[in-house]
Amino acid sequence: MTTGFPLDDAAWASPWRHRAVGEKLLLSGGLLAVTVSLPAWPGSVLAAATALVVLLGPARVAPGVLARVVAAPLAFIVVGALSVLVSLQWEAGPALAVTDETRRTALSLLGRGTAGTLGVLVIAATTPMVDLLGALRRLRVPEACIDVAALVYRLVLVLFATLFQMGEAQAARLGYRDRRTTLRSSAALGAGLLLRSWDRARRLEEGLAGRGYSGSLPSLDPTRRTSVPFVATSLATVGVIAVTSLVAGGW
Amino acid sequence: MGHLSLTARAVSVSYGGRAVLRDVSIKVDAGSRTALLGANGSGKTTLLRVLSGALRPDAGEVHVGPDLLRHNRAGLIAHRQRVQLVLQDPDDQLFAADVTRDVSFGPLNLRLAEDEVRSRVDEALDVLGLQEMAQRPTHQLSFGQRKRVAIAGAVAMRPCLLLLDEPTAGLDATGVDEMLTALQRLEEWGTTVVLSTHDVDFALAWATQVAVVDDGRVHQGQPHALLGDTELLARARLRSPWVLELASRLGTRGTGEPPRDLESLVALLTDRAPSVPAV
Amino acid sequence: MGHLSLTARAVSVSYGGRAVLRDVSIKVDAGSRTALLGANGSGKTTLLRVLSGALRPDAGEVHVGPDLLRHNRAGLIAHRQRVQLVLQDPDDQLFAADVTRDVSFGPLNLRLAEDEVRSRVDEALDVLGLQEMAQRPTHQLSFGQRKRVAIAGAVAMRPCLLLLDEPTAGLDATGVDEMLTALQRLEEWGTTVVLSTHDVDFALAWATQVAVVDDGRVHQGQPHALLGDTELLARARLRSPWVLELASRLGTRGTGEPPRDLESLVALLTDRAPSVPAV
Amino acid sequence: MHIAEGFLPPLHAAAWTLAAAPFVIHGGRAVARERRERPETTLLLGAAGAFTFLLSAIKLPSITGSSSHPTGVGLGAILFRPPVMAFLSTVVLLFQALLLAHGGLTTLGANVFSMGIVGPWAAYAAWCSLRRLNRTAAIFVAVALADLATYAVTSTQLALAFPDPATGFGGSLVKFLGVFAVTQVPLAVVEGLLAILVLRVLGDI
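Protein chains in written order, with this note's numbering: chain A, 1 to 251; chain B, 1001 to 1279; chain C, 2001 to 2279; chain D, 3001 to 3205.
Certain hints may be false.
To be verified - Which residues of chain A face chain B? A few of them, derived with a C-beta cut under 8 Å, are:
| # | residue |
| --- | --- |
| 1 | T162 |
| 2 | M166 |
| 3 | A169 |
| 4 | L174 |
Said to hold, decoys possible - No more than 25 Å apart at the CA atoms, straight line, and that leaves these computed lysine to aspartate or glutamate pairs for DMTMM-like:
| # | chain 1 | residue 1 | chain 2 | residue 2 |
| --- | --- | --- | --- | --- |
| 5 | D | K3059 | B | D1089 |
| 6 | D | K3059 | B | D1058 |
| 7 | C | K2027 | C | D2067 |
| 8 | D | K3059 | A | D199 |
| 9 | B | K1027 | B | E1231 |
| 10 | B | K1027 | A | E168 |
| 11 | D | K3059 | B | D1091 |
Claimed, not checked - Beta-carbon label-pair distances, calculated as ranges:
| # | chain 1 | residue 1 | chain 2 | residue 2 | range |
| --- | --- | --- | --- | --- | --- |
| 12 | A | T99 | D | P3010 | 47 to 55 Å |
| 13 | C | A2019 | B | G1065 | 52 to 60 Å |
| 14 | D | P3010 | A | V45 | 15 to 23 Å |
Read the hints as simulated data drawn from the structure, not as lab findings. None of the values given here were measured: they were computed from a predicted structure. Note that beta-carbon positions come from the ideal geometry of N, C-alpha and C, so glycine has one too.
All chains should be built: construct the whole structure from the sequences, respecting the hints.
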């Protein structure tokens, strides 16, 4: 059974899962940094290509999963870029125009958005959420906040299964045959979800009390050694992209 | 309602690259009692979801009587009025505050007149033996009662075929007895029931047809043939029904009709006793 | 750890005016295997919660060995290091994203050093046969595996007594076998296990002591005495174990040790055969 | 509607992060304080966060044909109050970025500002001022306003980053508001109706 979150499944199954979070963040963050801050051509294209090679190569993310995951953000990127491409003029009434400048900005947005999304996937598809939260904990983010976030993760997975089954059971009884029934069923689903969320929290409180729960949720993070070759390769790759786009960069 | 058979042909399903059902075919005869047997995670629930139309298989077809199930709006609406699936956990299926409101959810979606909705609800509660609970809030009911309310919600759609995922799981002896009574009444009422279970003893005692799900493949046949096949059962991570195991260990096999429950085993064993030569 | 007995004396509990337990006493001997039998809603879980300290009874006392359980902070902390309760639904106890993180929760709350925590986690996973799953995400485990992880979380507290609420409910044959192996290893490891169940066959085969919960009252005794008492069982809405039922129907009762599972029943029945005078 | 990763120039991304930070830190502090006083808070907040995240997975009946999902922040603001929503929305947006590739990390601050701060405060203000007149109407207005405010702020953020070469910020704002109105305005209406029904099922109104 799938969990409903292909990226999460990919992260847990990733060959890079046991790598130190810091080194993966370095690579992902480095790609994001060059994408956002350096000229889009050729920086974004190089960053996007690098992220794609990393994801499909050593990180072994299935191409189908990748395609499914990028579809939604890509829609936003395209719509956003199109809005920038078309300039709204005002000469005796509204008029639309495409200029060299808007074309360049739209293209650079397309490049930056795509490269940025792929860059985030380098960390998202290789690192389970809980490892990232562990890293935040080491960065001195307050314990209480990390505990809540970790619990949100676990409960999302538990409750998603519930939500999915509730929706399917409603559909079986024709709860989504038209707009009216859909709205009614969605509301029952939302209310049911809220009640089940509370119920889960209450039962978990009792379940954890026996093991000494008193508000905090400590757990043992695995120790991971940073790989020098990985860090060096990441720095070199990001450096090459940065230098190339600074030297050859147009816009 | 009327009697209709349900058929799946060459159905394959995979999740995230893993094959859950491979080229599976199954035929549920109208009026039969079919038990779908398999270990947890064997694909029983997936097969039920395919049969109910909730899951569109990667390959293969589902037919109700002569009609092919089409996974478009109209096709699913038609299919769901004939085939209803009830999931294992009743709490995933009860949305309304009380029993009557919950059971009326389906009939209301069928756009029936209020009178008709009421009579459908009464009928469903009656078949499931829940009339006295009609006004009770669902969360005050026992687990076994909630399971029956969930079934009543499906029954109010007046399906020809009712698919039940693990209807006896988690029930105590009383709960199982009440569920058996309900199944009996559903049968009299003209509904063909398919249920999944990992309880081989229950399947042997109840079913007239058995399908064993073993690692994504389905073997269908007579209860005694399949449940006496120890090799198949071991492959499917199921144990033998104790009546068959005992009959075989005591060497009674082959003498007449094989036993299906305690009563028939006792009859068989006491029949055999006189055959031991007396002094 | 060490061996300690667990006793409840004259315990009464009521929820919202309804008496759930009335003047109940029970004694769990160190090293015994105690099965708490009862229908759903009979009060089994409530009794386990009282024994674990999770619920303070309206009246009555709980003792571990010679020590009275006091419901203050220090008393509960001391009690929970000796007595651990594992609930029926593993998702009520698993909060962490992977197995090791979850099992480490209890030992970390005991403020143990990291090395000690790690060794406790390893030990608990080892006893439960979960070493290979140490790094697996919780949500990808099967129901049976999650049940064992929940038990491992309790075992990492190194209790003398482990209370398991319906450990076999919802498990298929393989899951039950794995659970039995785990119970066996817990016993070898020196933990006394008390479990609740409504499966009379399982209780007969496993337990050395049985307590039947019948409408808020508890009857404790030897498995054969209680599980052969058809009147008591009927009152408690339980059926008879099939081996005892069959033995009684075949008239073997009274000839030597009563059977407790298929093997001993076969031995009994085939032993009987030669006793029929040969020609 | 979240701004995708890489979409905002670095200065804008940093500025919105700085703008959101005080609210999120305030929310985080409130969480820590709350927990010291009531230990069960962690579990309730975890459930509230999971609920908010999953609410956005419910598909709503679409009026325009495109599928839309509730943001949940309006309902969340009424149920859990805006300071807590600032923190919970940050968690939810982080999870959406990493579990669904929806939104981004450099754009997290901007998205938190629109969906986690302006949206909930707008909802809460509407709820507080209208609830005495008519609770049903107050819920509808609060939840719909949370959506509309979120959408207006997101469009403003994009317009500030990409002013139109001819008509500047104003022209750009008109463009972005117009383009995303197709999905966001009907969503606000439907989510308002949904919130009324949810609270009615729960017996609150």
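A quick look at each hint next to the structure:
no.: 1; hint: T162; result: holds, 6 Å
no.: 2; hint: M166; result: holds, 5 Å
no.: 3; hint: A169; result: holds, 4 Å
no.: 4; hint: L174; result: holds, 4 Å
no.: 5; hint: D:K3059 / B:D1089; result: holds, 23 Å
no.: 6; hint: D:K3059 / B:D1058; result: holds, 24 Å
no.: 7; hint: C:K2027 / C:D2067; result: holds, 14 Å
no.: 8; hint: D:K3059 / A:D199; result: holds, 23 Å
no.: 9; hint: B:K1027 / B:E1231; result: holds, 23 Å
no.: 10; hint: B:K1027 / A:E168; result: holds, 24 Å
no.: 11; hint: D:K3059 / B:D1091; result: holds, 21 Å
no.: 12; hint: A:T99 / D:P3010: 47 to 55 Å; result: violated, 25 Å
no.: 13; hint: C:A2019 / B:G1065: 52 to 60 Å; result: holds, 54 Å
no.: 14; hint: D:P3010 / A:V45: 15 to 23 Å; result: holds, 18 Å
In summary, the one numbered hint that this structure violates is 12.
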